[in-house]
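Asker: Each chain, written out:
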Amino acid sequence: MQYTFLLYSNPADFGDMTQEDWAEMKAVYGKYIGALQEAGVFVNTDWLHPVDTATTLTLKDGEKRIHDGPFAETKEPLGGYFVIDVPDLDTALAWAAKCPAARTGKVEVRASAMDSV
Amino acid sequence: MSDGIEARITEVMRASYGRLLAILAARQSDIAGAEDALAEAFARAIDHWPRTGVPDNPEAWLLPTARRSLLDTQRKAARIEVRDTLPEEPVMSTNMPEIPDERLKLMFVCAHPAIDPALHTPLMLQTVLGVDADRIGAAFLISPNAMAQRLVRVKRKIKAARIRFSIPDPMDHPNRLNAVLEAIYGAFSLDWLSEGGADDLRQEAAYLADLVGHLCQHDAEALGLQALISFVIAREPARLRDGILVPVPEQDINLWDAGLVERANRLLAKAAQVNRLGRFQLEAAIQSVHADRTVSGQTNWRALSQLYAGLRKLYPTIGAAGGQAAAVGEDAGPTQGLALLDQIDAKDVASFQPSWAVRAHLLARTGQIQQAAAAYDRAIALSTDGPSRRWLEARRSDLAVGLV
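Same order as they appear, the protein sequences are chains A and B. First residue of the first sequence? That's 1 in the numbering used here, and the numbers climb one at a time after it. First residue of the second sequence? That's 1 in the numbering used here, and the numbers climb one at a time after it.
Worth flagging that the hints you see were computed from the coordinates, not collected in a lab. Keep in mind that the hints are not guaranteed to be accurate.
[Said to hold, decoys possible] For lysine-lysine, the following DSS-like pairs were computed, each having C-alpha atoms within a straight-line distance of at most 27 Å:
1) K98(A) - K270(B)
2) K106(A) - K270(B)
3) K76(B) - K157(B)
4) K313(B) - K270(B)
5) K106(A) - K76(B)
6) K98(A) - K159(B)
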């Protein structure tokens with residue numbers, strides 16, 4: 001079963017990070033990805049540019065509308081994700097607890113619905 | 001259908017429901033699917049058994065029948081065309097291996113941290129003990145519809161998120177065991193005086209507590225819960241007189257099950273050796289004080305006051321606050337008891353029957369008869385079981401004729 005970790009955090013918490021801090025964070029994430037790969041559960045991950053660079057598009061009302069910014073303003077926007085492949089929720093939660101993003105923000109764990117349709 | 005067969009089928013349903021559901025739901029974490037399959041199997045049993053007789057091992061008949069139904073539904077859902085027709089009756093095997101008891105795994109699923117704690121007991125009641133949403137809703141003071149919807153949603157989550165049916169390592173997950181214990185106690189406490197049916201549920205909850213206590217012998221709270229439940233069951237023969245509730249301090253101690261009381265005290269002592277105090281051990285200790293009346297001949301209200309104060313500190317509930325007020329009311333005096341009751345948030349106790357009963361009793365003892373009568377009326381109106389209501393009505397009429 002594939003699980004996606006949606007990583008939410010407050011950008012303000014990273015406001016005063018130095019160059020070294022970023023390098024360290026990158027290394028921490030690199031280690032985490034390495035651990036996922038070693039366990040054979042890693043599927044995919046991405047780290048996204050801040051929400052102020054987002055563009056939102058909809059065709060919902062029959063016409064294409066594009067606007068500058070995220071679809072909803074929140075204090076803790078989505079900042080990235082991981083996709084892993086493990087047997088059950090408890091295993092997914094164990095990996096989520098090791099995710100560096102859990103220490104600085106929140107990790108929402110969602111199971112893939114691809115198998116159930 | 002003859003009454004005998006009907007009663008026997010009802011009995012089998014009660015005894016086997018949780019055991020079969022735990023097995024059927026485990027593979028796909030699909031509780032709703034297992035419930036449907038089990039309902040189908042019971043429907044078939046009701047159709048077949050009056051003609052064939054109830055099989056010697058009903059579970060060995062029900063499990064394959066339900067499995068087939070589950071498989072059938074899954075095939076339909078997957079739009080696989082079914083060409084082979086399913087046999088009407090399962091093939092009976094005389095040497096069917098013993099069906100394992102997987103209910104503990106089901107309980108850990110019900111009390112999983114990914115599930116809203118408010119739904120742990122309702123889910124356990126429905127899945128392990130087969131209680132319907134109407135009764136669960138009534139016990140939790142919400143509409144049956146709302147309860148049913150919440151349970152449907154949570155079962156969907158268990159399946160979608162694939163919460164595994166397994167027993168976590170108690171060293172890694174002490175809170176997970178506590179959640180299970182809380183939920184079992186919730187099941188045990190459910191309207192236990194209601195006439196008909198509830199006693200079986202209590203026995204079942206007691207069985208579950210014994211099972212957990214047996215599997216987790218080094219957990220102080222698992223032992224505490226087992227002790228607490230043993231104390232309460234030991235007093236069962238004395239709790240009613242002519243269909244009227246008899247409060248513990250007034251019960252005939254000769255009717256208590258001395259063996260069970262001894263067992264409960266032993267379990268509590270064993271729990272104390274672990275040296276990790278908790279809610280259930282404190283509640284069991286309170287019952288142990290009541291049980292000491294068999295030795296001392298009187299209720300030690302001072303000890304009860306202290307234990308309730310400790311319980312309130314460790315595990316604050318309106319039940320503990322009401323119990324403390326009642327104990328202090330006997331030990332220090334009714335005015336002190338009433339003062340404690342007044343400290344509880346009024347909107348918390350508005351619909352909590354026991355605190356109205358305590359208030360009425362304490363008011364009567366201070367001579368405030370009219371206020372006492374009003375409090376009794378409130379408690380009577382809030383009573384959901386006959387024995388408590390009749391007891392309160394008797395107390396209230398004593399009040400009217402000046403017997404207090």
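Asker: State for each hint whether it applies.
Answerer: Here is what the structure says about each hint:
1. K98(A) - K270(B): violated (37 Å)
2. K106(A) - K270(B): violated (41 Å)
3. K76(B) - K157(B): Since the Cα atoms of K76(B) and K157(B) sit roughly 21 Å apart, the hinted pair holds (cutoff 27 Å).
4. K313(B) - K270(B): Distance of about 23 Å is within 27 Å: holds.
5. K106(A) - K76(B): The hint is violated at about 39 Å.
6. K98(A) - K159(B): holds (24 Å)
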